[in-house]
Amino acid sequence: MSATVQHVVWTIRANPVTGVAAAGLAVLLVLAVFGPWLQPHDPLASNVSMALLPPSSQYWAGTDQLGRDIFSRLIAATRLDLAIAASAVSLSFLAGTFIGSIAGYMGGRLDRVVGSVVDVLMAFPLFVMAMALVAVLGNRVENIILATAFINLPFYIRFSRAEVNARRGLGWVEAARACGDSHLKIVLCSLVPNILPAMAIQVSLNLGWAILNAAGLSFLGLGITAPTAEWGIMVAEGARFILSGHWWLVAFPGAALMLTVLCFNLLGDGLRDILDPRMRT
Amino acid sequence: MRGIVRVSSRIAHRLLASLPALVGVLVFTFLLMRVLPGDPAVFFASSPTAGPEEIQQIRVSMGLDRSIPEQLVLYLRDVLTGNLGRSMSTGQPVATDLAQRLPASLELTLAALVLALACAIPLGVMAALRPGSAVDHGVRLLCSIGVCAPTFVCGLVLIYVFYVVLGIAPDPTGRIGAFDAPPPDITGLLLVDYALVGDFESWLSAVSQLILPAVTMALFVLAPLARMTRASMLIALGSDFIRTARSVGLPPFKVIVGYGLRNALLPIITITGVVFSTMLGANVLVEKVFAWPGVGSYALDALVSSDYAPVQGFVLLMAMIFVVVNLTIDTLYGFADPRVSLR
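So the protein sequences, as listed, match chains A and B.
Under my numbering, the letters of the first sequence match residues 1 to 281, in that order.
Under my numbering, the letters of the second sequence match residues 282 to 624, in that order.
Hints are computed from structural coordinates only; laboratory data are not their basis.
One thing to keep in mind: the hints can contain errors.
Incomplete in silico selection of chain B near chain A, CB under 7 Å [stated by the list, open to error]:
1) Ala302
2) Pro431
3) Leu439
4) Tyr441
5) Phe443
6) Leu581
7) Leu584
The C-beta atom is built at its ideal place from N, Cα and C for all residues, glycine as well.
I would like the entire structure built from these sequences, with the hints used as guidance.
This is how it looks when you write it as structure tokens:
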């Protein structure tokens, strides 16, 4: 155990960026959980006489076209954006790992079919697919989550399939089989726990991608609708005022998106350094 | 000669292999669009107060009264004959609309891809030549930022900096400058058409319209391209033939580009294909930001007004482009590494 701790400390010292990313994630989580108590203003209260004010000591990130405080809206949006990404990624993680590890374990025709379906799905413009799904299912938060989960699914299937496939013939799997474990038990109790570290890296990198996708969908007007505070929508609303020079409407939610995704990506890289140092690029 | 035969038989094989995928996409989009909310017959009716008989008549004329499998067969037959249905919002056949708007999207995507490759390959090679150096870290930083920045935010920031603050970019709406006449419709690609006509001034103005959206999209795909170039160059540069080439005193440029990059090409080509298909998706966002009259914004407008024929046509078009891109990649494989086509 102490060796693991030492290894973690060593990797973080060698690459302090991981520590910074972890701290950033902690800040995001605090904002998401305690957001309502940290907002200086009501994120939905409009006040037209205060519309489009630049950042000041009272309104740290300025106000939007309806006079709402952008800083408060940024905080309010943190919870929604993180919740969307987290639920979408957990959905596709659960379903994808299940399908992928069963296909990888069974091999044969099932494996080949799953493999080629995944290849086709992955090569297809996934964002277009998500757009179509949200349009079909209707403009609701649940549907953004479903669409994002769906387009993340192929990555998990492919990854877990490859990882399980590499391990299915190993000695301890044989041993479990010899003990009379059922196939399902071998997959769920022996193989899946074994590939979890590798999957954790994938999850972290994927969270950032999920946030970008969800924000892109709401930027296009699919999914979350107007008064709700969400980073993608805030950028979309601010885009109408960029030509008149009101940069803060776009810049702050854009920066929030970017920093959040950066955090998840750096954390994923750091996790990879800790869990699997050979894969570093 | 034998090489060409080999490559073309490979292409024919791949074309056949991609047919099931195309049919799958067709059926998928058909079913998807069938459950779209809103009754198209009501949308098509002449007035909002149209009676139920009139709506029923429209349903029959559109084939909506038949069973779903029957509709699917009819749809497949229509697609085979090139009939993609009619858009309710523009009133034109979808195939015509798509053909009119596709060149705009292609021009943007190709320009962005060329731009991205022109930056990513030298950056990746430089990073691979000196791993761990300042250049390497700089490239890595650029890639991290490129992956995190949402395309639409990038586009808006570029508009703010270059149009609003510096005033050097033109008004970010559309492909043709405000004072230019559109060129005769030869290929649909403005840069090619203006060049063919010899209208240099309009050509420059079309370039200036294209630069910001193309840079936005190029930034989006720079990271995967540069990373892959770096990784595959590192492997190539570590191999024995590079050591031999260096030891016999060949000029560094010939060693790096002629032997190193040439052998590192395959993974770069693969990732270019993957990147192209993500660009097709990102097109929608960039086209929306820059009011670019391409197929992406067309499909988006159709989606929002629950006009499903254009969306079906768009998804089908994307699938076909994806097949064509895969074929191109495959052909390039054969040229980049003749050993591939032997397998």
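Okay, the hints, checked on the actual structure:
no., hint, in the structure
1, Ala302, "holds, 5 Å"
2, Pro431, "holds, 5 Å"
3, Leu439, "violated, 10 Å"
4, Tyr441, "holds, 5 Å"
5, Phe443, "violated, 12 Å"
6, Leu581, "holds, 6 Å"
7, Leu584, "holds, 4 Å"
In summary, the numbered hints that this structure violates are 3 and 5.
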